[in-house]
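A.B. asks: Below are the chains, spelled out letter by letter.
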Amino acid sequence: MAEKRNHVVWMLEELPRLRASGLIPEETEKVLLDHYRAKLETFPAPQRIFAAVLAVLGIVMVAAGIVLFVNHNWDMLPKAARMGVSCIPLAIGAVLGYVTILKNKGQLWREAAAVFTATGSAVLTAMLSQIYHINGEMSDYIFLVLLLALPQLYIFDSFVLACLYVFFSFFLVGNGDAEAWRCGMVAAGFAPFLARHLGENAKFAVPCRYLTPAAALSALIGCAGSHYIVLPVLALCGIFIVAGMDLVGRGERLVRVPWLLPAFAVQMFILGAGSCEEDVFSFGSKFQSAQSLWVYWIFTAAVLLLFVFIFMRRRLSEERALNALFILLALIPFATDAPVMRIVCNIALGLGGIVCMRGGFVRRSFLLFNGGAVMLTVLTACRFFDSEIGVLYRSAGLILLGLGFIAANVVYMKKSGRA
Amino acid sequence: MGKGKRMLLVFYTLSLAAILLYPVSTVLKIEFPSEAPAEMKFRVRAFDPYDPLRGRYVRLDPLPNEVKVPEDMNFRYREKAFLVLERGRDGFARAVRLTKDRSEIGDGEIFVKVGRVFRKYDKKNKKTAVCRFDLPFRFFYLNELDAPEVERELANLSRPGRDGDFVLTVRFFKDGLFAVKSLEIQKGKK
Numbered sequence: 001m002a003e004k005r006n007h008v009v010w011m012l013e014e015l016p017r018l019r020a021s022g023l024i025p026e027e028t029e030k031v032l033l034d035h036y037r038a039k040l041e042t043f044p045a046p047q048r049i050f051a052a053v054l055a056v057l058g059i060v061m062v063a064a065g066i067v068l069f070v071n072h073n074w075d076m077l078p079k080a081a082r083m084g085v086s087c088i089p090l091a092i093g094a095v096l097g098y099v100t101i102l103k104n105k106g107q108l109w110r111e112a113a114a115v116f117t118a119t120g121s122a123v124l125t126a127m128l129s130q131i132y133h134i135n136g137e138m139s140d141y142i143f144l145v146l147l148l149a150l151p152q153l154y155i156f157d158s159f160v161l162a163c164l165y166v167f168f169s170f171f172l173v174g175n176g177d178a179e180a181w182r183c184g185m186v187a188a189g190f191a192p193f194l195a196r197h198l199g200e201n202a203k204f205a206v207p208c209r210y211l212t213p214a215a216a217l218s219a220l221i222g223c224a225g226s227h228y229i230v231l232p233v234l235a236l237c238g239i240f241i242v243a244g245m246d247l248v249g250r251g252e253r254l255v256r257v258p259w260l261l262p263a264f265a266v267q268m269f270i271l272g273a274g275s276c277e278e279d280v281f282s283f284g285s286k287f288q289s290a291q292s293l294w295v296y297w298i299f300t301a302a303v304l305l306l307f308v309f310i311f312m313r314r315r316l317s318e319e320r321a322l323n324a325l326f327i328l329l330a331l332i333p334f335a336t337d338a339p340v341m342r343i344v345c346n347i348a349l350g351l352g353g354i355v356c357m358r359g360g361f362v363r364r365s366f367l368l369f370n371g372g373a374v375m376l377t378v379l380t381a382c383r384f385f386d387s388e389i390g391v392l393y394r395s396a397g398l399i400l401l402g403l404g405f406i407a408a409n410v411v412y413m414k415k416s417g418r419a
Numbered sequence: 001m002g003k004g005k006r007m008l009l010v011f012y013t014l015s016l017a018a019i020l021l022y023p024v025s026t027v028l029k030i031e032f033p034s035e036a037p038a039e040m041k042f043r044v045r046a047f048d049p050y051d052p053l054r055g056r057y058v059r060l061d062p063l064p065n066e067v068k069v070p071e072d073m074n075f076r077y078r079e080k081a082f083l084v085l086e087r088g089r090d091g092f093a094r095a096v097r098l099t100k101d102r103s104e105i106g107d108g109e110i111f112v113k114v115g116r117v118f119r120k121y122d123k124k125n126k127k128t129a130v131c132r133f134d135l136p137f138r139f140f141y142l143n144e145l146d147a148p149e150v151e152r153e154l155a156n157l158s159r160p161g162r163d164g165d166f167v168l169t170v171r172f173f174k175d176g177l178f179a180v181k182s183l184e185i186q187k188g189k190k
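Residue numbers (my numbering), protein chains in the order written: chain A, 1 to 419; chain B, 1 to 190.
Just chain A, same shape as in the assembly:
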């Protein structure tokens, strides 16, 4: 918004200069000036935004003060009055909610109604526990609050509540007492919201792209954290990389696709670590319940199906094939107990690097080319610290690879006309 305002201000300053230099006639200048002045008035002035921020800060401070004042006098109030006070945030939320729906209010109202209703629900449950001294597990409380927040998320289509939902889901999955099925339910409840908003013309498409990795991480920890996590991690990385490359291929800037680099970094970390240590592909704790194992497999199957769906949407390409290969190699420990994963990871990194560099070169894709270069760098770095290979051989290999990188980059730049 601010950027567009700056453009209009620049235009208004530029028009008299254009007329003075004879590039546009006076009539055109007048028409354009009227047009852009009218447009400028539609943007909120920076002073108004600053005033709004100050007003919000003031309201938050007053609310915090009231909370502490009530808190200080809390014991003097009878139980019924304490319950009544505890209901106030929910009542405010309900009023906001009904007004928003009945009067067809805009997004700001929708966000306020959703957040106030969900917060009111959380406050009421917490205060009930305090007033009646009904202690309980933190995971029970967070689960209940998240579950009750879900309808508000969909009714008001609230992005702020979605962020809060994902943020607080970490309190559930990070709490060792939470059962896996609860984490699965929380993730499953949120998935349709993301699916709806990740569409091309969705209202919150880009912000939701930023929220998706956090939601995926939360679901991953909650549903698969105690089991063989490598398989769903590689599948999720595959989804993010393939979908991210599709978006970049459609002309999206990297800053609007925040999936590619983190997913690629995680993938490289797993393959790099796997090329050094066999235990990376171990099956996790054996002391888990059958229920938690079911949740793990349902989650992993859902992630794998999503990968297949995204994989099938477009033609086969290097990044698609490699990500499918990385997921398949994570299945090897199910087939054999033999210590082969170190070798497999080394081959995968080497092969992936060469295929990506070649693909980048042929398709003139700088991103793919550099992805391949990074894969080979990871492989080289891992082998550099590998004490099982002699120093002289490592030195020779590194020099050769380094020269190869430089030569490949120079050739690529010349061919693609960037040099």
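These are calculated hints, taken from the structure and not from any lab test. One or more hints might be untrue.
[To be verified] Under the rule of at most 16 Å between Cα atoms (straight-line distance), these lysine to aspartate or glutamate pairs were calculated in the EDC-like manner:
1. B/Lys80 x A/Glu137
2. B/Lys113 x A/Glu179
3. B/Lys5 x A/Asp157
4. B/Lys120 x B/Asp175
5. B/Lys187 x B/Glu153
6. A/Lys30 x A/Glu13
7. B/Lys80 x A/Glu14
8. B/Lys80 x B/Glu66
9. B/Lys100 x B/Glu71
10. B/Lys120 x B/Glu79
11. B/Lys100 x A/Glu179
12. B/Lys113 x B/Asp175
13. B/Lys80 x A/Asp140
14. A/Lys105 x A/Asp157
15. B/Lys120 x B/Asp134
16. B/Lys174 x B/Glu71
17. B/Lys181 x A/Asp75
18. A/Lys203 x A/Asp157
19. B/Lys174 x B/Asp107
20. A/Lys39 x A/Asp75
21. B/Lys174 x B/Glu31
22. B/Lys113 x A/Asp140
23. B/Lys100 x B/Asp134
24. B/Lys120 x B/Asp72
25. B/Lys113 x A/Glu13
26. B/Lys29 x B/Glu153
27. A/Lys203 x A/Glu111
28. A/Lys79 x B/Glu31
29. B/Lys113 x B/Asp134
30. B/Lys113 x B/Glu86
Knowing the structure of chain A, use the given hints to seat chain B on it.
C.D. replies: For chain B alone, coordinates are given in the frame of chain A:
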């Protein structure tokens, strides 16, 4: 009013009803119980932490926190279970047995869900079948001026030659619901 708006109103009203369901049902169960709740006492150790929003509270470590279990009963890390309680003649609670299956608890038995159950191993006898657990009533909220005083009193009581106990009285309702009634000092030699 359009159909979409009407649907939204219905869903929103239903969601509000769902939000109110837990608090209202809990208050009704506590204030108007269908059966008189069973009251039991627990000896507690306590210290005084701080909650920035809700003020001070006394963090409780209630006893008993151990119970004998069958030799073949094992628990996974942080597994939850149901503890069946019995009221002793002195009014204090006694842990009777631990079960993973709620259906094994008979009608009229008092039980509570306990967390972080783990089998306690004795260095000398590794087959000692005793489980340790956390009872769920671990907080007692009180006035910010009273909490440090309670903690001071507690420190006095924990010195050698103490002549009393911190006692937590808990009311147990049907279906495992409970509410802490009071926290008081019970004078007299143990």
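A.B. asks: State for each hint whether it applies.
C.D. replies: Hints and how they fare:
1. This hinted pair checks out: B/Lys80 and A/Glu137 have alpha carbons roughly 11 Å apart, not beyond 16 Å.
2. For the hint pairing B/Lys113 with A/Glu179, the CA-to-CA distance comes to about 14 Å; that is within 16 Å, so the pair holds.
3. Restraint check for B/Lys5 and A/Asp157: satisfied, since their Cα atoms lie roughly 14 Å apart, inside the 16 Å limit.
4. Only pairs whose Cα atoms come within 16 Å are accepted, and B/Lys120 paired with B/Asp175 is rejected, the gap being roughly 28 Å.
5. Restraint check: the Cα-Cα separation between B/Lys187 and B/Glu153 comes to about 12 Å, which is no more than 16 Å; the hinted pair holds.
6. With a C-alpha separation of about 13 Å, the suggested pair A/Lys30 and A/Glu13 falls inside the 16 Å cut-off, and the hint holds.
7. Taken as a hint, the B/Lys80 and A/Glu14 pair is broken in the structure, with Cα atoms around 71 Å apart against an allowance of 16 Å.
8. The suggested pairing of B/Lys80 with B/Glu66 holds, with an alpha-carbon distance near 14 Å, which does not exceed 16 Å.
9. Between B/Lys100 and B/Glu71, the direct Cα distance comes to roughly 15 Å. Compliance with the 16 Å bound is thereby established for this hinted pair.
10. Taking the CA atoms of B/Lys120 and B/Glu79, the gap is about 14 Å. The hint holds against a cut of 16 Å.
11. The straight-line distance between the Cα atoms of B/Lys100 and A/Glu179 is roughly 14 Å, inside the 16 Å bound, and the hint therefore holds.
12. Under the criterion of a C-alpha separation no larger than 16 Å, the hint pairing B/Lys113 with B/Asp175 is consistent with the structure, at around 10 Å.
13. Between the alpha carbons of B/Lys80 and A/Asp140 the distance comes to roughly 12 Å, so the proposed pair stays at or under 16 Å and holds.
14. For the hint linking A/Lys105 to A/Asp157, the alpha-carbon distance of about 12 Å falls within 16 Å, and the restraint holds.
15. About 13 Å separates the Cα atoms of B/Lys120 and B/Asp134, which keeps this hinted pair within 16 Å; it holds.
16. Under the criterion of a C-alpha separation no larger than 16 Å, the hint pairing B/Lys174 with B/Glu71 is inconsistent with the structure, at around 30 Å.
17. With a CA separation close to 15 Å, the supplied pair B/Lys181 and A/Asp75 stays within the 16 Å bound.
18. Pair hint A/Lys203 plus A/Asp157 holds up; C-alpha atoms about 10 Å apart against a cutoff of 16 Å.
19. Simply put, B/Lys174 and B/Asp107 have alpha-carbon atoms about 9 Å apart, close enough for the 16 Å limit, and the pair holds.
20. Taken as a hint, the A/Lys39 and A/Asp75 pair is broken in the structure, with Cα atoms around 56 Å apart against an allowance of 16 Å.
21. Straight-line distance between C-alpha atoms of B/Lys174 and B/Glu31 comes to about 13 Å, which keeps the hinted pair within the 16 Å bound.
22. Proximity of B/Lys113 to A/Asp140 is assessed by CA-CA distance (about 12 Å); at most 16 Å being required, the pair is judged to hold.
23. At most 16 Å may separate the alpha-carbon atoms for a hinted pair to count; B/Lys100 and B/Asp134 meet this at roughly 15 Å.
24. Between the alpha carbons of B/Lys120 and B/Asp72 the distance comes to roughly 13 Å, so the proposed pair stays at or under 16 Å and holds.
25. The suggested pairing of B/Lys113 with A/Glu13 is violated, with an alpha-carbon distance near 71 Å, which exceeds 16 Å.
26. Taken as a hint, the B/Lys29 and B/Glu153 pair is broken in the structure, with Cα atoms around 34 Å apart against an allowance of 16 Å.
27. Only pairs whose Cα atoms come within 16 Å are accepted, and A/Lys203 paired with A/Glu111 is accepted, the gap being roughly 14 Å.
28. At most 16 Å may separate the alpha-carbon atoms for a hinted pair to count; A/Lys79 and B/Glu31 meet this at roughly 11 Å.
29. For the suggested pair B/Lys113 and B/Asp134, the alpha carbons sit about 9 Å apart, so the restraint of at most 16 Å is met.
30. Taken as a hint, the B/Lys113 and B/Glu86 pair is honoured in the structure, with Cα atoms around 14 Å apart against an allowance of 16 Å.
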